[in-house]
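Trainee: Given the structure of chain D, go ahead and fit chain U onto it with the hints provided.
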Amino acid sequence: MKILVPVKRVLDYNVKPRVKSDGTGVDLANVKMSMNPFDEIGVEEAIRLKEKGVATEIVAVSVGPAKAQETLRTALAMGADRAILVQTDDAVEPLAIAKILKAIADAEQPGLVILGKQAIDDDNNQTGQMLAALTGWAQGTFASAVNVDGDSVNVTREVDGGLETVKLKLPAIVTTDLRLNEPRYASLPNIMKAKSKPLDTKIPADYGVDTAPRVKVVKVSEPAARSAGIKVADVDELVAKLKAMGVHS
Amino acid sequence: MKTLVWVEHDGKAVKDATLAVVTAASKLGEVHLLVAGEGVDGVAKEAAAIAGVGKVHVADGAAFGHNLPENIAPLIADLMASHDAFLAPATTTGKNIAPRVAALLDVMQISEILSVEGEKSFTRPIYAGNAIATVESSDAKLVLTVRGTAFDKAATSGGSGSIEAVGGGSDVGISSFVGAEIAKQDRPELTSAKIIVSGGRALGSSEKYEEVIVPLADKLGAALGASRAAVDAGYVPNDYQVGQTGKIVAPQVYFAIGISGAIQHLAGMKDSKTIVAINKDEDAPIFQVADFGLVADLFSAVPELTGKI
Numbered sequence: 001m002k003i004l005v006p007v008k009r010v011l012d013y014n015v016k017p018r019v020k021s022d023g024t025g026v027d028l029a030n031v032k033m034s035m036n037p038f039d040e041i042g043v044e045e046a047i048r049l050k051e052k053g054v055a056t057e058i059v060a061v062s063v064g065p066a067k068a069q070e071t072l073r074t075a076l077a078m079g080a081d082r083a084i085l086v087q088t089d090d091a092v093e094p095l096a097i098a099k100i101l102k103a104i105a106d107a108e109q110p111g112l113v114i115l116g117k118q119a120i121d122d123d124n125n126q127t128g129q130m131l132a133a134l135t136g137w138a139q140g141t142f143a144s145a146v147n148v149d150g151d152s153v154n155v156t157r158e159v160d161g162g163l164e165t166v167k168l169k170l171p172a173i174v175t176t177d178l179r180l181n182e183p184r185y186a187s188l189p190n191i192m193k194a195k196s197k198p199l200d201t202k203i204p205a206d207y208g209v210d211t212a213p214r215v216k217v218v219k220v221s222e223p224a225a226r227s228a229g230i231k232v233a234d235v236d237e238l239v240a241k242l243k244a245m246g247v248h249s
Numbered sequence: 001m002k003t004l005v006w007v008e009h010d011g012k013a014v015k016d017a018t019l020a021v022v023t024a025a026s027k028l029g030e031v032h033l034l035v036a037g038e039g040v041d042g043v044a045k046e047a048a049a050i051a052g053v054g055k056v057h058v059a060d061g062a063a064f065g066h067n068l069p070e071n072i073a074p075l076i077a078d079l080m081a082s083h084d085a086f087l088a089p090a091t092t093t094g095k096n097i098a099p100r101v102a103a104l105l106d107v108m109q110i111s112e113i114l115s116v117e118g119e120k121s122f123t124r125p126i127y128a129g130n131a132i133a134t135v136e137s138s139d140a141k142l143v144l145t146v147r148g149t150a151f152d153k154a155a156t157s158g159g160s161g162s163i164e165a166v167g168g169g170s171d172v173g174i175s176s177f178v179g180a181e182i183a184k185q186d187r188p189e190l191t192s193a194k195i196i197v198s199g200g201r202a203l204g205s206s207e208k209y210e211e212v213i214v215p216l217a218d219k220l221g222a223a224l225g226a227s228r229a230a231v232d233a234g235y236v237p238n239d240y241q242v243g244q245t246g247k248i249v250a251p252q253v254y255f256a257i258g259i260s261g262a263i264q265h266l267a268g269m270k271d272s273k274t275i276v277a278i279n280k281d282e283d284a285p286i287f288q289v290a291d292f293g294l295v296a297d298l299f300s301a302v303p304e305l306t307g308k309i
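Sequence order for the protein chains is D and U. At the far end of the first sequence sits residue 249, using the numbering used here, and the numbering has no gaps. At the far end of the second sequence sits residue 309, using the numbering used here, and the numbering has no gaps.
Here chain D stands alone, though its shape is the one from the complex (with noise of 0.2 Å):
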């Protein structure tokens, strides 16, 4: 079996974003990018898979800019087989680059594909549950556990309150949660075997898919700041303002 793992660069989540004063977005100049966490996770499952004898060939793709090659690179330095970049310098919404991903799914037939649950850039959850709609394939969203079992895989959920257990048919798209695993990091020996691994270049337009967007951002604003409070100087002074404010046992 196939599994394909759609990776994105983004800012890298140690840093804090900064809002750019002309109110256009995030600064995005001379910052740390790195491969999109929950993505780190899809790729690690897929490497797992295929340790198991689950997963024969592992195939990344990414809808991004030519440096979006650093990231498959890293994804290929972890262990996947080889990349697909479907290079474009425009903000690409999860509609279309879901529509990328069912023509890339159409073309490569991948029994399972492993997505990020969301970007931690736009923050949008919507990708992996696109792909499932467009392809008709069955989702096992928020993934804590990836099970395959013949022609069905197994996928535990991370729901509101606990966990939630879903048997999906082959193919399916699952996207990962935080507990899915810890990534591994890339030896230095992967990470030069990973430079002569087939990465392939394409652009939107090969797929027959429009990327213009379909929502505005009209703009992008600093949240609003919530300023330090008091000290108190002990539990009594605490207390005192806690029952002021209606809060006691």
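Keep in mind the hints are simulated off the structure, nothing from the lab. Built from N, CA and C at the ideal position, the CB exists for glycine as well. Please note that a few of the clues may not be correct.
As the list claims (entries may be wrong) - Straight line, CA to CA, 20 Å or less: simulated SDA-like cross-link-like pairs of lysine to any residue:
| no. | chain 1 | residue 1 | chain 2 | residue 2 |
| --- | --- | --- | --- | --- |
| 1 | U | 308 | D | 240 |
| 2 | D | 231 | U | 273 |
| 3 | D | 231 | U | 306 |
Claimed, not checked - With the Cβ distance kept under 8 Å, some of the chain U side facing chain D (calculated, not the full set):
| no. | residue |
| --- | --- |
| 4 | 95 |
| 5 | 103 |
| 6 | 263 |
| 7 | 287 |
Mentor: Positioned in the frame of chain D, the structure of chain U alone reads:
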């Protein structure tokens, strides 16, 4: 504009998350509801009583029993022929279903709206709430998920919606429900609690969490939360986590105990009405957002607080 709101329920009762979505929908136009499930007469009646509701579409059948998006999304897409906007709460159920509906309709969804700015214009958080985007849709129809803490809850009585059965609906046959482990807690849910008591890594162990955090929460009738560091260290289960990658909460009072205040945690609780921080490090970033800060050793201060409150 005619809106269709996904009613989130547990088979017995309408969940609170739905009520904020009704408020958001009412800012756009006429509010219709969809109750999908198996044996949901009671839920439909309850939904019809929500203030401001026009029509309640009820899809009752085994195929709709476990919120499987493969079966439910086509049903909603069909209903959207006579509606202009679909709205669901930004819960795990809403997030699972809405984008599948959006793609079937060839609509770009707008996720987790915080406000309605115009007929097609909304604000939403990006970068875990570190920035707020104002966006405008150019699609013919709207698909929205709604952040529950950003809208008032509609009243659960006073409405007189008409109940209408939706025909058909079948099992697409590509997915099935196996089972669920829903943690039973005799406490309010994190996302709807009025008071939350959260503990961080400084507690040092799950025993200390039990010993220090739980009694205070018990006394205040509060929900229990934790920072990612505390969850990762194994002090409490995953679903306690408040933060960018956990639950987004906005209670009346949030107690951050032994939590330093990493960006990731602040993103999940900074909209709380009042924040109380107890930490022994006076330079901890949590104090920059706390309304009441107490620099103290939590192991003595919290039991004292529990005793005196």
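Trainee: Hint by hint, note whether the structure agrees.
Mentor: How the hints compare with the structure:
no.: 1; hint: 308/U to 240/D; result: 10 Å, holds
no.: 2; hint: 231/D to 273/U; result: 17 Å, holds
no.: 3; hint: 231/D to 306/U; result: 19 Å, holds
no.: 4; hint: 95; result: 5 Å, holds
no.: 5; hint: 103; result: 4 Å, holds
no.: 6; hint: 263; result: 6 Å, holds
no.: 7; hint: 287; result: 6 Å, holds
Hint check: no violations occur; every hint is consistent with the structure.
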